[in-house]
Amino acid sequence: MKESQQNTTDFGYKTVAREEKASMVADVFHSVAAKYDIMNDLMSFGIHRLWKRQAIACSGVRKGHTVLDLAGGTGDLTAKFSQLVGDTGRVILGDINDSMLKVGRDKLRDLGLVSNIEYVQMNAEALPFPDNSIDVITIAFGLRNVTDKDAALRSMYRILKPGGRLLILEFSKTDSEALSKIYDFYSFNLLPTMGKLVANDSESYRYLAESIRMHPDQETLKGMMETAGFEQTSYQNMTGGIVALHRGFKY
Amino acid sequence: MINTLLTATAEHILNTILSLEPSVQASLSKVQHQVLAVEVRDWQQTIAVTFTGHSFMVFNNYQEHIDCHISASIDTLSQLKDPSQLTRLIRQGELDLEGNLHLAQAYSQIFSELDIDWAEHLSKYVGDGPAQLLVQQLRQAKQRTKQLDGVLKTTTAGLFQDELKVAIHPLEMAQFKAHTRELKQHAAVLEQRINQLLAR
Ligand SMILES: C[S@@+](CC[C@H](N)C(=O)[O-])C[C@H]1O[C@@H](n2cnc3c(N)ncnc32)[C@H](O)[C@@H]1O
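For the record, the sequence lines run as chains A and B.
Numbering-wise, the first sequence is residues 1 to 251 according to full-length UniProt numbering.
Numbering-wise, the second sequence is residues 1 to 200 according to full-length UniProt numbering.
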């Protein structure tokens, strides 16, 4: 029993070999990269921007900070952090997927933001930074795609400076039954259909819906952060718990 | 969430102002990256604002380091459009200020100097003509309502006189008939072709 648990993992509702998940996730994001931003706005009715604002307000990012926007994709958070840290700080947009990084780089360049941003391809499970080197890490809508979430959390803890903090923005569990019914209908019927119409790719959006349901709930994730070493961990629910923002510190 | 939406809107307005009044950038250069928190007592809300040198960012429930915190009622805050009032309001105890006074003054200063040409601004979204018209119309809204009745009457009268009196010239009629005949022939040829194709 234990054997099989270690050798397989979830990919949406499917179970796949552990070593396969990363490349299957990669396929999903290669295929959605170009249409990612427009789909984000459509799927969430633009609310993802408000969720991200909240994450930025809680990030404590200031002038001179070094910030890692992990699984940063097309760089929405990076764009804001780049301004907040100013010329004396830097922001690293890290993602496992070079298609997403490329879309992000082009977008940020068009916004005129370049000087303090670096683009680095990386896997959240093994972050390519020295110990105690980063002030703030954010991972927005990325953790649920990571195969070994515990390893990723440990890796984030390692590279944070003492006093640094991690913010996890991720879909979560809503406690309202009505909301959860609407949300289910939305994500398993409307979402893949929109994905098909706009990005001609219903499978990827079905994966997104399924991966959201497989993600640990608020309390579980908080516990996982504590196991990885984070202190003063807390979370706040947004939009009735459809999304939660977790925060933890390293001391 | 509603508050976040409102602060997002406030941020959008500030950044619009910034793009319309580039002088704002210079006025705030000394207080770049500093965070000003404004507590609106009547709403029991605190809004934090910072200028990054690039744009404004506005947050609600901001719990991080703040360089200057002011707290007052909305009435008192609106008096800050005149920067000379700031110290008076503090002295009279109508406004609490903690932290860097210069930061509050810098923001107060930019709002006092603002003189935005809204028609110019709107024209970016809807084009020059409509923008001018819109601003004019807003100004003249009351007057227009009165005039509208009269305008409608003359317009309809004009319509009937100019448009409906037009008769068709005999030459035009002949040309029209010729066109119709030609069209009929084309249609017949086309019909034949289609029938052939279908028969295959
Ligand atoms: C849903 S997107 C989120 C992008 C962005 N943070 C946002 O909020 O718009 C998820 C991102 O996670 C990246 N990702 C998936 N697994 C990863 C891993 N193991 N390490 C780093 N990034 C990963 C994907 O390539 C994708 O760009």
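Since the hints were derived computationally from the structure, they do not count as laboratory data.
Hints are supplied without guarantee of correctness; some may be wrong.
[Stated by the list, open to error] Straight-line Cα separation of at most 30 Å, DSSO-like style, residue types lysine-lysine; simulated pairs:
| hint | chain 1 | residue 1 | chain 2 | residue 2 |
| --- | --- | --- | --- | --- |
| 1 | A | K149 | A | K181 |
| 2 | A | K63 | A | K196 |
| 3 | A | K196 | A | K107 |
| 4 | B | K177 | A | K63 |
| 5 | B | K81 | A | K63 |
| 6 | A | K161 | A | K14 |
[What the hints assert, rightly or not] Away from chain B, derived, C-beta distances all over 10 Å, residues of chain A:
| hint | residue |
| --- | --- |
| 7 | T9 |
| 8 | I56 |
| 9 | T66 |
| 10 | R90 |
| 11 | D106 |
| 12 | P192 |
| 13 | T239 |
[To be verified] Reference excerpt, derived from the structure (chain A facing chain B, CB under 8 Å, subset only):
| hint | residue |
| --- | --- |
| 14 | L50 |
| 15 | R53 |
| 16 | K80 |
| 17 | L84 |
| 18 | R109 |
Bear in mind the structure is a predicted one, so any value in this text is a computation, not a measurement.
For every residue, glycine included, the Cβ atom is placed at its ideal position computed from N, Cα and C.
Verification of the supplied hints:
no.	hint	in the structure
1	A/K149 with A/K181	28 Å, holds
2	A/K63 with A/K196	42 Å, violated
3	A/K196 with A/K107	24 Å, holds
4	B/K177 with A/K63	79 Å, violated
5	B/K81 with A/K63	29 Å, holds
6	A/K161 with A/K14	37 Å, violated
7	T9	33 Å, holds
8	I56	7 Å, violated
9	T66	16 Å, holds
10	R90	15 Å, holds
11	D106	19 Å, holds
12	P192	26 Å, holds
13	T239	6 Å, violated
14	L50	5 Å, holds
15	R53	6 Å, holds
16	K80	7 Å, holds
17	L84	6 Å, holds
18	R109	14 Å, violated
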